[in-house]
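Engineer: Start from the sequences and build out the full structure, keeping to the hints where you can.
Chains as they are written, first to last, in full-length UniProt numbering: chain A, 1 to 358; chain B, 1 to 267.
Simulated from the structure, these hints should not be mistaken for laboratory data.
No residue lacks a Cβ here, since even glycine has one placed at the ideal position from N, Cα and C.
There could be a bad hint or two in this list.
In the DSS-like style, the derived pairs of lysine-lysine whose C-alpha atoms are separated by at most 25 Å in a straight line are [said to hold, decoys possible]:
1. B:119 with B:41
2. A:10 with B:159
3. B:104 with A:350
4. B:82 with B:30
5. B:159 with A:350
6. B:76 with B:41
Every beta carbon over 12 Å from chain A, so not counted as near; a handful from chain B, in silico [claimed, not checked]:
7. 21
8. 26
9. 59
10. 73
11. 82
12. 91
13. 146
14. 162
15. 215
Under 7 Å between C-beta atoms, here's a sample of chain A residues computed to sit facing chain B [to be verified]:
16. 13
17. 218
18. 221
19. 223
20. 224
21. 226
22. 227
23. 228
24. 229
25. 230
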Amino acid sequence: MFYREAGQFKTNYAADMAVFPILQDKIGIALILTLALVVIPLAGNAFFLSVVMIPFLIFALASIGLNLLTGYTGLLSLGTAGFMGVGAFACYKLTTIFPGVNIIVWILTSGLFAAAVGVFFGLPSLRIKGFYLAVATLAAQFFLQWCFIRIPWLYNYNVSGAIEVPTRTLFGIPVTGPNASPEMRYYVVLGIVILLTWVASNLVHGRIGRSWMAVRDMDIAAELMGIKLLPTKLLAFAVSSFYCGVAGALMVFLWYGGAEPEVFSINQSFLILFMVIIGGLGSLTGSFFGAALIYILPIVLRGAPSLVGLNIGAATVEHLTFMIVGALIIFFLIVEPHGLARLWQTGKQKLRVWPFPY
Amino acid sequence: MRAPDMDAGVTAGDVLLAVENVSLRFGGVKAITDVSFDIRKGEIRAIIGPNGAGKTSMLNVINGFYHPQDGRITFKGRTRSKMRPYVAASQGIARTFQNVALFKGMTTLDNIMAGRTLKMRRGFFWQMLRHGPAMAEEIEHRKVVEEIIDFLEIEAIRKVPVGRLPYGLQKRVELGRALAMEPELLLLDEPMAGMNLEEKEDMCRFILDVNSQFGTTIALIEHDMGVVMDLSDRVVVLEYGRKIADGVPDEVKSNQAVIDAYLGVPH
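Structural biologist: Laid out in structure tokens, this is it:
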């Protein structure tokens with residue numbers, strides 16, 4: 001009743017090709033943006049911003065990156081954390097060598113380093129697919145993590161073997177380092193995530209996105225239509241790794257404030273792969289859903305008992321959280337194997353025809 | 001849109017594609033042995049033969065997916081023994097598949113739009129913005145795609161993911177995707193396989209219309225002899241990778257070698 005496009009006629013192709021062609025969707029996205037840009041920074045406290053929102057946005061960005069590769073181009077990768085690490089270490093090196101340059105420039109530039117590394121490790125994708133490619137990218141993961149530990153130049157010969165984020169400012173306000181306020185860090189992360197999500201949406205709705213999906217769905221037909229497989233796949237690796245690299249740099253500079261190589265272990269790769277699968281392969285919205293389900297839900301569950309006044313031991317809460325999240329993941333995958341994004345689509349379709357069944 | 005090159009010299013009735021002494025082997029298996037035939041501009045050329053005769057292999061050779069060990073292929077006056085699929089596609093050879101090879105996760109519209117990929121020029125920067133020139137280009141190609149959608153009468157399924165469509169419509173979308181490439185030579189691999197009579201009649205009409213309205217040269221593989229004899233201008237018959245007959249449908253129909261190939265020889 002409320003979500004219905006009846007009476008909304010499109011009179012030109014541009015309107016029909018818009019990412020949000022329906023008025024209600026436009027209102028919805030405007031509301032979400034207002035919420036993210038105005039309401040959350042005003043209403044949220046420091047804990048909410050730095051423990052919930054900033055990590056959520058960073059995970060969502062990494063999920064978008066992996067989704068472009070795995071969901072849109074059909075190339076399974078387990079090297080996500082490795083590429084994130086390349087971004088983080090590149091950003092660290094760049095900002096310590098050239099401290100004068102704005103940190104946001106370096107965060108985005110570090111994505112380019114990750115992209116270059118991603119292209120290199122994407123080369124085998126021409127010959128191998130599926131699980132075999134996953135194993136090849138696993139090699140990238142282990143090799144890169146080895147580099148982060150064994151090449152002291154990367155962490156400036158720091159005795160702890162970790163990187164410590166220096167203070168960097170934007171218009172005189174600290175953005176990174178111990179003095180940066182959560183609001184400032186939140187706005188920087190949010191700005192970058194909005195920008196890159198918009199770019200990703202543009203890419204997947206245009207020629208490049210269609211080539212990626214064509215390669216994913218039927219590579220032989222794509223090739224015989226003149227889509228060159230290797231450049232298409234490598235472009236997917238480059239863009240995907242760029243996103244992961246930026247997410248990695250954001251993670252270290254605006255969330256952790258410092259990092260050991262252990263942060264970029266295979267567990268991180270799996271975590272992001274789960275976000276992509278549960279959120280929905282081949283859906284940008286799904287990347288946000290997946291990050292929310294896997295990252296925010298446990299936090300909510302941990303806080304829930306004390307909120308409703310239940311007195312349960314911290315260890316029990318922790319165990320319960322694992323069990324509930326695990327059960328929910330299985331539940332959602334049984335209800336809709338194509339992920340939360342598909343569930344969302346089905347829900348919208350139901351809403352369109354409500355109160356009738358079809 | 002395509003660079004005006006040697007195809008300027010190819011007019012109706014001239015040889016568009018010539019296959020000369022092509023042989024293709026997979027290890028010890030001889031898929032095609034010393035086959036020669038030609039396809040003239042503007043005609044509908046059928047390739048028939050019993051199962052395993054090498055028909056699909058022949059199409060794969062023509063559009064560069066297989067590389068024959070021997071022989072030459074001349075397309076629009078350019079001779080080659082090997083070709084990459086990309087080059088074949090950019091020179092104007094399009095193709096449909098025996099088992100529908102659509103992009104299942106994409107809508108009808110996106111599938112046909114994907115057929116325009118080679119004709120789209122805007123680079124990565126504009127694609128990132130999806131405004132200005134990139135959007136203008138999208139709209140320009142969308143118009144062409146909409147004409148194809150009108151032509152094939154698939155307006156209603158424009159935004160349906162093709163994986164959900166019935167088989168007959170999938171075949172039609174696949175034809176649309178090939179047409180979106182504006183091919184000079186359209187290779188159809190069993191366009192009517194698995195269809196009922198009405199669907200076959202529709203498909204026949206589309207093939208004839210493509211041929212007459214757009215002047216597209218068509219090479220088709222088909223097992224339905226009624227369709228082959230009605231549609232095609234000339235027929236080439238393969239058996240066990242060799243050419244056994246070539247000519248207008250009436251000649252081929254009465255050719256003893258063809259009858260033997262299809263009906264068997266009494267012992």
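Engineer: Next step is simple, just say for each hint if it's right about the structure.
Structural biologist: Quick rundown of the hints versus the structure:
no.	hint	result
1	B:119 with B:41	holds, 22 Å
2	A:10 with B:159	holds, 14 Å
3	B:104 with A:350	holds, 23 Å
4	B:82 with B:30	holds, 18 Å
5	B:159 with A:350	holds, 18 Å
6	B:76 with B:41	holds, 9 Å
7	21	holds, 24 Å
8	26	holds, 17 Å
9	59	violated, 10 Å
10	73	holds, 16 Å
11	82	holds, 15 Å
12	91	violated, 10 Å
13	146	violated, 8 Å
14	162	violated, 9 Å
15	215	holds, 21 Å
16	13	holds, 5 Å
17	218	holds, 5 Å
18	221	holds, 4 Å
19	223	holds, 5 Å
20	224	holds, 5 Å
21	226	holds, 3 Å
22	227	holds, 6 Å
23	228	holds, 5 Å
24	229	violated, 9 Å
25	230	violated, 10 Å
The structure fails hints 9, 12, 13, 14, 24, 25 (numbered hints given earlier, in ascending order).
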